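Engineer: Residue-level listing of the chains:
Number of protein chains: 2
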Amino acid sequence: MKKKADGGRTVTLKDLAQELGVHPSTVSRVLHSGSDVAKGAASAATAERVRDLARKLGYSPDPQAASLRTRRTKLLGVIVPRLSDLVLAIMYEGIDEASAEVGYSAFVMNSRDDPDEQRRKIDLMLARRVDGLIIGDAHLDGGLLQELTDRKVPFVLMNRRVPGYPSATCNDIVGGEIVAGHLWEMGHRQVAVIAGEPYASTAIDRTAGFLDRWRSLGGTISDDDVVWSKFDTAGGREAGEKILARGKPRPTAIFAVNDFAAIGAMGALRSHGLTVGQDVAVVGYNDTSLAAELPIPLTSVHSPMADIGRTAVKLIQAVLRGEKPEPAQLKPTLLIRESSAARAPAEVSAS
Amino acid sequence: MKKKADGGRTVTLKDLAQELGVHPSTVSRVLHSGSDVAKGAASAATAERVRDLARKLGYSPDPQAASLRTRRTKLLGVIVPRLSDLVLAIMYEGIDEASAEVGYSAFVMNSRDDPDEQRRKIDLMLARRVDGLIIGDAHLDGGLLQELTDRKVPFVLMNRRVPGYPSATCNDIVGGEIVAGHLWEMGHRQVAVIAGEPYASTAIDRTAGFLDRWRSLGGTISDDDVVWSKFDTAGGREAGEKILARGKPRPTAIFAVNDFAAIGAMGALRSHGLTVGQDVAVVGYNDTSLAAELPIPLTSVHSPMADIGRTAVKLIQAVLRGEKPEPAQLKPTLLIRESSAARAPAEVSAS
DNA sequence: CTGAAAGCGCTTACAG
DNA sequence: CTGAAAGCGCTTACAG
Chain A
1 MKKKADGGRT VTLKDLAQEL GVHPSTVSRV LHSGSDVAKG AASAATAERV
51 RDLARKLGYS PDPQAASLRT RRTKLLGVIV PRLSDLVLAI MYEGIDEASA
101 EVGYSAFVMN SRDDPDEQRR KIDLMLARRV DGLIIGDAHL DGGLLQELTD
151 RKVPFVLMNR RVPGYPSATC NDIVGGEIVA GHLWEMGHRQ VAVIAGEPYA
201 STAIDRTAGF LDRWRSLGGT ISDDDVVWSK FDTAGGREAG EKILARGKPR
251 PTAIFAVNDF AAIGAMGALR SHGLTVGQDV AVVGYNDTSL AAELPIPLTS
301 VHSPMADIGR TAVKLIQAVL RGEKPEPAQL KPTLLIRESS AARAPAEVSA
351 S
Chain B
1 MKKKADGGRT VTLKDLAQEL GVHPSTVSRV LHSGSDVAKG AASAATAERV
51 RDLARKLGYS PDPQAASLRT RRTKLLGVIV PRLSDLVLAI MYEGIDEASA
101 EVGYSAFVMN SRDDPDEQRR KIDLMLARRV DGLIIGDAHL DGGLLQELTD
151 RKVPFVLMNR RVPGYPSATC NDIVGGEIVA GHLWEMGHRQ VAVIAGEPYA
201 STAIDRTAGF LDRWRSLGGT ISDDDVVWSK FDTAGGREAG EKILARGKPR
251 PTAIFAVNDF AAIGAMGALR SHGLTVGQDV AVVGYNDTSL AAELPIPLTS
301 VHSPMADIGR TAVKLIQAVL RGEKPEPAQL KPTLLIRESS AARAPAEVSA
351 S
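The listed protein sequences derive, respectively, from chains A and B. Quick note on numbering: full-length UniProt numbering labels position 234 of the first sequence as 234, and the sequence is numbered without any gaps. Quick note on numbering: full-length UniProt numbering labels position 293 of the second sequence as 293, and the sequence is numbered without any gaps.
In short, the hints are calculated from the structure, not lab data. None of these values were measured; they are calculated from a predicted model. One should not assume that every hint holds.
Any copy, or any two copies together, can satisfy a pair, since identical chains are not distinguished.
To be verified - Computed cross-link-like contacts, DMTMM-like style, restricted to lysine to aspartate or glutamate with a CA-CA straight-line distance of at most 25 Å:
(1) 152 x 116
(2) 230 x 113
(3) 74 x 131
(4) 242 x 338
(5) 74 x 123
(6) 74 x 150
(7) 74 x 212
(8) 74 x 97
(9) 14 x 123
(10) 56 x 150
(11) 74 x 62
(12) 56 x 117
(13) 230 x 97
(14) 152 x 62
(15) 14 x 131
(16) 56 x 123
(17) 324 x 123
(18) 56 x 147
All chains, please: the whole structure from these sequences, using the hints.
Structural biologist: This is the structure:
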């Protein structure tokens with residue numbers, strides 16, 4: 001743990017210099033040179049004495065002082081819709097780890113997907129002088145992003161992408177395609193999609209991937225088979241109710257672009273006396289830790305959430321070095337579980 | 001949004017002073033005086049000119065520079081077991097909001113309930129020079145806390161308490177009592193507890209509250225009816241399996257001290273062909289957003305998670321003012337749902 | 001009411 | 001190889 005100098009004060013560079021009888025600048029130089037040799041910073045002997053004492057006294061440099069001088073805070077700002085969304089929480093865990101590894105610290109804030117709040121939170125981050133931003137709640141219209149670009153604020157997107165900007169996401173189009181292939185193969189021909197929020201690329205891409213593949217397999221699916229919804233459980237339940245209330249034969253399978261929405265849909269199905277996995281197949285997305293452990297385990301597209309967060313950190317580092325990194329799209333994989341493991345029921349009556 | 005000066009540079013105090021033809025210290029004084037009158041800081045006229053220009057140029061003070069001078073960073077460090085634990089994520093949302101309101105910013109880090117990691121993360125926080133710590137993963141043995149006290153690091157506990165230290169928690173003893181009362185009233189006489197991790201006060205208090213009330217109602221419950229477990233879904237499933245495998249009549253009700261563990265237990269029950277809410281009642285704790293929306297809605301003790309986070313911020317502020325605040329115990333309430341709404345089944349065969 | 005100075009802890013050219 | 005100085009942007013007694 002961090003040690004204090006005798007007086008109870010925190011150890012400073014000056015303390016080290018004084019005790020060693022050298023100039024503070026020498027100490028600083030040594031501590032910034034490669035750890036083995038003191039390449040040009042000081043004699044090998046001096047360097048060793050400096051490093052030994054620093055270790056002994058538990059010296060840790062004051063980051064605010066350093067950043068005042070270097071004009072870099074080693075701080076990253078992260079904006080997410082909600083940290084209580086498990087998906088974003090896990091991405092943030094990836095960010096936190098990866099940024100610590102490269103000497104950065106991260107702040108997170110919630111925007112609740114509200115444009116005013118996004119602005120407000122970004123301002124708070126910039127007021128704290130973060131070196132760069134990781135934006136996990138980008139909206140497809142993207143006016144805000146253009147503004148940030150104009151103002152030369154370094155940022156990358158995570159979780160949701162917007163064409164033209166660096167981003168770390170799951171390849172959601174492929175994810176949607178995989179689900180279509182799976183359900184088609186299981187014999188389903190009547191399906192519905194709980195599509196999420198139309199301003200989010202995750203929703204758009206997963207849905208588009210699904211529809212494209214479905215149609216290319218010869219399937220038919222109409223506009224009212226696609227129900228937009230909130231990403232949470234309540235939103236999924238609502239969408240599920242809507243699907244069952246359309247006065248046309250109910251689908252034999254439902255693809256929800258998010259596990260929580262899928263769980264909500266499972267609830268709606270059960271309220272109507274339907275058994276998930278038997279009467280209606282359900283597939284979710286993200287493979288959150290819950291999916292495998294639900295009473296009826298949920299088939300879900302696994303997306304490498306922590307890796308997406310880690311990748312976002314790599315990308316922002318590149319941006320801070322002045323590069324323009326390509327969007328990274330990480331690979332999804334389907335995990336088939338009880339909720340969609342049975343073949344489609346032979347026929348379906350109007351619900 | 002933050003404006004830049006003409007040269008693209010960030011606006012500084014000096015810029016303001018220069019443009020107004022006054023001394024930087026005057027600007028600083030004005031900006032720190034109460035917003036209406038410039039009590040002693042400058043003439044009303046000067047004060048107004050300063051404030052107008054500051055607003056016009058979008059001046060925002062450099063926090064690292066200020067903190068270098070004031071020796072306070074307005075930074076709070078928060079340690080949690082896992083941010084991907086919904087309960088902690090919501091508490092953190094409360095912290096984030098409340099600290100922003102008082103001009104603080106918060107960092108979060110995961111300890112995964114590992115003592116070495118707790119130390120490491122605390123060191124990282126202190127290296128960043130946080131003013132104080134909010135610890136959400138305290139272990140009851142508490143050696144670490146004594147150390148922090150000795151080193152005069154300001155901190156408060158949240159979520160889990162340890163006697164003798166300031167903390168913001170749910171009144172978990174009362175929470176456990178309420179559940180015992182409810183299950184007793186519904187006619188249950190054979191019950192089991194999925195108790196969580198024995199190093200966490202949440203687990204200990206909820207279990208103890210339950211057992212005490214249960215016995216005072218005349219109920220009997222033996223040691224092997226209490227199964228310790230991890231707090232997550234997988235842990236709950238395991239514990240559920242263990243309860244069903246004991247070779248004695250299965251309980252008619254299970255109290256899991258955590259919603260996720262409860263969901264896991266529901267899964268285990270279903271695998272054994274049992275229907276939750278009919279064959280076996282299940283009660284969880286925290287009333288996470290999922291509980292109400294599950295296929296079989298889960299009875300759960302609501303704990304005011306966001307409020308607990310907000311309260312922790314209030315407490316740490318008090319500690320930073322040199323006070324010694326009393327532990328705050330927020331009130332739980334029971335929400336009865338389908339998983340425990342039916343009366344206990346009349347008789348139970350060995351499972 | 002306002003100015004001038006000192007200094008928080010660090011880093012970084014610049015000398016020598 | 002090492003020292004000395006300047007300065008990052010701010011705040012805070014201290015004068016006047």
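Engineer: Give a verdict on every hint.
Structural biologist: Verification of the supplied hints:
no., hint, result
1, 152 x 116, "within (20 Å within a copy, 40 Å between copies)"
2, 230 x 113, "within (11 Å within a copy, 33 Å between copies)"
3, 74 x 131, "both (6 Å within a copy, 18 Å between copies)"
4, 242 x 338, "both (24 Å within a copy, 23 Å between copies)"
5, 74 x 123, "both (17 Å within a copy, 17 Å between copies)"
6, 74 x 150, "within (22 Å within a copy, 30 Å between copies)"
7, 74 x 212, "neither (43 Å within a copy, 51 Å between copies)"
8, 74 x 97, "both (14 Å within a copy, 23 Å between copies)"
9, 14 x 123, "between (35 Å within a copy, 22 Å between copies)"
10, 56 x 150, "between (48 Å within a copy, 19 Å between copies)"
11, 74 x 62, "both (12 Å within a copy, 14 Å between copies)"
12, 56 x 117, "between (46 Å within a copy, 22 Å between copies)"
13, 230 x 97, "between (29 Å within a copy, 23 Å between copies)"
14, 152 x 62, "between (27 Å within a copy, 18 Å between copies)"
15, 14 x 131, "between (27 Å within a copy, 22 Å between copies)"
16, 56 x 123, "between (40 Å within a copy, 16 Å between copies)"
17, 324 x 123, "within (23 Å within a copy, 34 Å between copies)"
18, 56 x 147, "between (48 Å within a copy, 19 Å between copies)"
Going through the hint list in order, the structure does not satisfy hint 7, though it satisfies all others.
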